[in-house]
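A.B. asks: Below are the chains, spelled out letter by letter.
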Amino acid sequence: MPASTDITGLAGIAGALGCMVTALPGLRELSGQKVAWLVVAVSVVAVVPVAGWSVAVGVRGVTGDLSMTTMVWLGWSRWRRGPREATMEEARWEEGSRFGLEILIGVAALALYPMALGIGRIDPYRLGYGSGWFLSTLLVVALVAWFRRAEVVALAIALAVLAWAGRWNESSNLWDYLLDPLVSFYALGRWGARGVRRAHRGITRRLAGVKR
Amino acid sequence: MRRLTIWGERKGRRGVGLGLILVAFGAGAVRCLREAPPEGFRSGGAGVTVAPDRTVASRSEEAARGGLRTDFVSLRAGVRTHAASLVELKNGDIRAFWYAGTNEGTRDVTIRTAVLETRTSGWGPERVVTSRERTQEEVWRYVKKLGNPVVSRAPDGALWLFYVTVSVGGWAGSSITMIRSQDDGETWEKARRLVTSPFLNISTLVKGPAITYTDGTMGLPVHHEFLGKFGELLRIDAQGDVVDKVRLSSGREALQPLVLVRDENRALVLMRHAGKARPRRVLSTTTGNAGRTWTAPTGSLLPNSDAALAGMVLADGRMLVALNDTEERRERLSLVVSSDGGASWRTIYRVEDQSEPAWQGLNETDYAAVIERLGEKTVGARRGASDYASSVKRVMFSKQGNTFEFSYPSLIRASGGDFHLAYTWNEAFIKHVQFSQAWLDERLQADARLH
Numbered sequence: 001m002p003a004s005t006d007i008t009g010l011a012g013i014a015g016a017l018g019c020m021v022t023a024l025p026g027l028r029e030l031s032g033q034k035v036a037w038l039v040v041a042v043s044v045v046a047v048v049p050v051a052g053w054s055v056a057v058g059v060r061g062v063t064g065d066l067s068m069t070t071m072v073w074l075g076w077s078r079w080r081r082g083p084r085e086a087t088m089e090e091a092r093w094e095e096g097s098r099f100g101l102e103i104l105i106g107v108a109a110l111a112l113y114p115m116a117l118g119i120g121r122i123d124p125y126r127l128g129y130g131s132g133w134f135l136s137t138l139l140v141v142a143l144v145a146w147f148r149r150a151e152v153v154a155l156a157i158a159l160a161v162l163a164w165a166g167r168w169n170e171s172s173n174l175w176d177y178l179l180d181p182l183v184s185f186y187a188l189g190r191w192g193a194r195g196v197r198r199a200h201r202g203i204t205r206r207l208a209g210v211k212r
Numbered sequence: 213m214r215r216l217t218i219w220g221e222r223k224g225r226r227g228v229g230l231g232l233i234l235v236a237f238g239a240g241a242v243r244c245l246r247e248a249p250p251e252g253f254r255s256g257g258a259g260v261t262v263a264p265d266r267t268v269a270s271r272s273e274e275a276a277r278g279g280l281r282t283d284f285v286s287l288r289a290g291v292r293t294h295a296a297s298l299v300e301l302k303n304g305d306i307r308a309f310w311y312a313g314t315n316e317g318t319r320d321v322t323i324r325t326a327v328l329e330t331r332t333s334g335w336g337p338e339r340v341v342t343s344r345e346r347t348q349e350e351v352w353r354y355v356k357k358l359g360n361p362v363v364s365r366a367p368d369g370a371l372w373l374f375y376v377t378v379s380v381g382g383w384a385g386s387s388i389t390m391i392r393s394q395d396d397g398e399t400w401e402k403a404r405r406l407v408t409s410p411f412l413n414i415s416t417l418v419k420g421p422a423i424t425y426t427d428g429t430m431g432l433p434v435h436h437e438f439l440g441k442f443g444e445l446l447r448i449d450a451q452g453d454v455v456d457k458v459r460l461s462s463g464r465e466a467l468q469p470l471v472l473v474r475d476e477n478r479a480l481v482l483m484r485h486a487g488k489a490r491p492r493r494v495l496s497t498t499t500g501n502a503g504r505t506w507t508a509p510t511g512s513l514l515p516n517s518d519a520a521l522a523g524m525v526l527a528d529g530r531m532l533v534a535l536n537d538t539e540e541r542r543e544r545l546s547l548v549v550s551s552d553g554g555a556s557w558r559t560i561y562r563v564e565d566q567s568e569p570a571w572q573g574l575n576e577t578d579y580a581a582v583i584e585r586l587g588e589k590t591v592g593a594r595r596g597a598s599d600y601a602s603s604v605k606r607v608m609f610s611k612q613g614n615t616f617e618f619s620y621p622s623l624i625r626a627s628g629g630d631f632h633l634a635y636t637w638n639e640a641f642i643k644h645v646q647f648s649q650a651w652l653d654e655r656l657q658a659d660a661r662l663h
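As they're listed, the protein sequences go chains A and B.
Just so you know, the numbering used here puts 9 at position 9 of the first sequence, and the rest follows in order with no gaps.
Take any residue in the second sequence, note its place counting from 1, add 212, and you have its number in the numbering used here.
It is possible that part of the hints are untrue.
[As the list claims (entries may be wrong)] Just a few of them, taken from the derived set where beta-carbon distance is under 10 Å, the chain B residues facing chain A:
| id | residue |
| --- | --- |
| 1 | Asp283 |
| 2 | Leu287 |
| 3 | Asn303 |
| 4 | Arg447 |
| 5 | Asp456 |
| 6 | Asp552 |
No lab work stands behind these hints, which were simulated from the structure alone.
Glycine included, C-beta positions come from ideal geometry on N, C-alpha and C.
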């Protein structure tokens, strides 16, 4: 019988795999209910052992447990309203929230990973072992995000803190509930994509100006 | 009306969200308050200095009469055998752990154990404690290979065995897995993985034994070797959760810290030199506030060939360390002593020494003859000496030619007063050396070389 943290860890991986499958081309436009069924189906397939082995166990060996931020982001990406359903105000709000989350994740990842792995003398990972200052800072960030209507940011932080307090995953470090390498690479990749798009737009405008 | 309803719904949703934030941080604050820092070290960590038990003093007397007693702990021939770790059992016996397999890092590597029985003064049969497959099943994740085991006794009396597991890549991709035994190593609870690093939990390895704190938590010295090579001290609670950690060094030159606790507040950490700088010296750092802060590491006077150390603080405050006190290779293993808190060291005994030029560049026949002689010297004629030669030739010749290696020591003092040293013998066997306090006193009084 697996420990409770193994069950939550494997469930997180399986759910994430389900959400990722529904993001594949051709499946993106499915209705909310169909998406839910597909996520459940893929998750079940991911945890069912074949010859004593399951996809979720294999993936977990490499990735470890996923953070609450990843789970919130994946869930939100799947079940937010599509562009055709959302009003312009809602679409703008969603884009703002997504951008805020990307910025926060990217900054946190750049601050955490290099230093925690040995670049420099300071280890920010240590703050995750119950530092009152770290928790207070996160509370301020969550409240600011909430009052600026970046609810997804606030929700991701609050759920991460709640899961850490309840020992949801096998890690006892709050950072592991806030961040994981997958969501960090994704956020940084989107930073890069935005940068490339902006640079491309600038070059195109400049070339158009030269032509005139 | 509809706009009012939507406004009301949004307001209600936002109220629930704000409530969630406050509940989450309230729960987080409660957890923060529970994680109090430890008050101090419990001296005599590192598996040593327990109250002497006179019921097993006969072996101590025997060792004193005979000087050193030596034997091989492991029996399997033709396999690569490495990284011994010793602990005293509640009945006075000594249990050793190590890993062995076709080669370092192969999938058939298992963690193995054997017991030195007080009654018979001989090592019992070796058996498997855990394997890659068993660990994989118990931690519910893919495991590629196993590495160093380190045993420590927890304040509650249980044996905790920490060992290195790798899921991706080489040793830089390591994490630490832990199993516990309530019956001195006869049976083990399910394995659990320690999460010690935010990036895929990679790059934490273990070699030195744990120390204990006055609040009942344990301090496990570990090291990283991915982007940096540096030491850390993990604090682990009675449930096996990591509750804090502190860096012992930074940069790319220190591995495998050994913590020598001097009293409730003071400790010296010695670390393997893995940097490019020369001369190669054991790196040391100290604390005067029970590990809350550590001094910047400096090179000690002890030479080091990028190899692990073992040691302890003796009852009179002196420090006894076993190490390869050479700057290159691991052909010499020595016992050194410091009487001034690690400022200076004296070599008191060469446990093994094949570092002289006469032992270099031997042809295969001469090499086999030397190994046979060393094997016979260890155990007498109890076993065919050619067994040792063929095993050693298999692992050492494939690795680096006809060289010798005596490395990765583990050193403890049993309650009967005897000292037990185990180490990798030419990567083919684990060798055990037992000596008494009287033998040690004699060596301490003799002339010895000052580092």
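A.B. asks: Please list, smallest to largest, the hint numbers that this structure does not respect.
C.D. replies: 1, 2, 3 and 6
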